[in-house]
Amino acid sequence: MTPVRSPDVGQFAGLVADAIESRTLISLVLSGARPTESSPSRLNVRPVDLKGRLRLQWTSQSGAQEKHENLSADASVKRVDSLLGRVYRNAVLKTQTEEVNARITKRGKLQVSSRPAVQNASPAAHNRERAHLIPAGVPCPFLHRIGVMTADGQVRAPQQHKFRQINRYLEFVRDVLPELPAEGPLRVVDCGCGKSGLTFALRHFLTEVCGREVQLTGLDWNADVLETCRRISGQLGWTNIDFRPGDIASYETDETVHLVVSLHACDTATDAALAQAIRWGANVILSVPCCQHELSPQLESAPLDALLRHGILRERLAADVTDALRAALLEVAGYRTQVLEFIDLEHTPKNLLLRAVRRPAPISEDQQRQWTDRFESLKRLLGIESQALEKLLSERLTPVQE
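FYI, the numbering for the sequence shown is 1 to 402, going by the numbering used here.
Please keep in mind that the hints were generated in silico from the structure rather than gathered at the bench. Among the hints, erroneous ones may be present.
Claimed, not checked - Calculated pairs, DSSO-like style, for lysine-lysine (alpha carbon to alpha carbon, straight line, at most 27 angstroms):
hint, residue 1, residue 2
1, Lys51, Lys67
2, Lys78, Lys106
3, Lys391, Lys379
4, Lys67, Lys78
5, Lys67, Lys195
6, Lys67, Lys109
7, Lys51, Lys78
For clarity, every value in this text was computed on a predicted model and none was experimentally measured.
My request is simple: use the sequences and hints to build the entire structure.
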């Protein structure tokens, strides 16, 4: 690093203020708490957008516990000015143009050094990295706990795919935020949460980034997995998140459910999740289907014999047809539905996401008839007798109302 003139703490705080004002701040870390202080061992600061307003999110870490506080730019600069030197001996300021390291010497002097920010080879790749809702290089306790990041925020090489998957998933969640209630707590049910990497990501994003109050329930049959999830959430000091044994078909609640997510629910378990979400009248449904075998034995179409006689092609067609039928039934039930590309999950090559948003008013009888006809026509074309979601909804295939 290149030594530079050693300014006082106030001048370093000024560098922080300049980075905030110019919107170039990436992160700030205060560490090296003095032994005589009872303060957290480390403070991580990053900019967040809360309802269109810039705030600085302060994350304090004491052992395995973390706490969050969102402050204005002025309050954040004043806090840096008061803490550096008096409580913390080290600071690292990262911006889009440079990295500034500050250290308090044993004699109480502030030494500052800087170096240019490390640039990716491709500007486009750099832009994509900055666009991540959970950025690389910034410590994120839950990602550290599940093994995706190191304690200092570096993404572990074998976990790069998982890191991209989490951020892609959160982009879908961000896109549907306007469809969820703007005020009050959000009630979320995650069907088949598994090891809960994406469940933790959802809770982190809604609570820590968006500043929303959330009650999140994760469902899974695996007792060992659920115990691990409970342990991690306890280590993080998280509340309003619980993990329960069972499946979506047997889970009942009297509370309003705003968001239902179903990731890697195998075969017809996806249909059970969609049916339950429709019964609840959930505002938004996000579903990533997994293996799908229900329709493959039913497919029968003479014109498609050249395709259907090959097992692997039959399975692929059956999977796509299954999702097309699900999307049509969601439309009949009053949901505006899209089939979108996702990043494939670790244990399955499936990379489609069903995004269904409840319409504010029921569709007309003509529209309902059109979607029902499309559903039935596709079934007839391929010789399909029945489909799981169709059977689960039975006579309930009517528009969902507010």
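Consistency of the hints with the structure:
A C-alpha spacing of about 21 angstroms is found between lysine 51 and lysine 67, which places the hinted pair at or below 27 angstroms, so the restraint holds. Annotation: proposed proximity of lysine 78 to lysine 106 holds, straight-line Cα distance about 24 angstroms (limit 27 angstroms). Between lysine 391 and lysine 379, the direct Cα distance comes to roughly 14 angstroms. Compliance with the 27 angstroms bound is thereby established for this hinted pair. The hinted pair formed by lysine 67 and lysine 78 meets the criterion: a straight-line CA distance of about 19 angstroms does not exceed 27 angstroms.
The straight-line distance between the Cα atoms of lysine 67 and lysine 195 is roughly 23 angstroms, inside the 27 angstroms bound, and the hint therefore holds. Pair hint lysine 67 plus lysine 109 does not hold up; C-alpha atoms about 30 angstroms apart against a cutoff of 27 angstroms. Distance restraint check for lysine 51 and lysine 78: the Cα-Cα separation of roughly 23 angstroms lies within the 27 angstroms cut-off, and the hinted pair is therefore satisfied.
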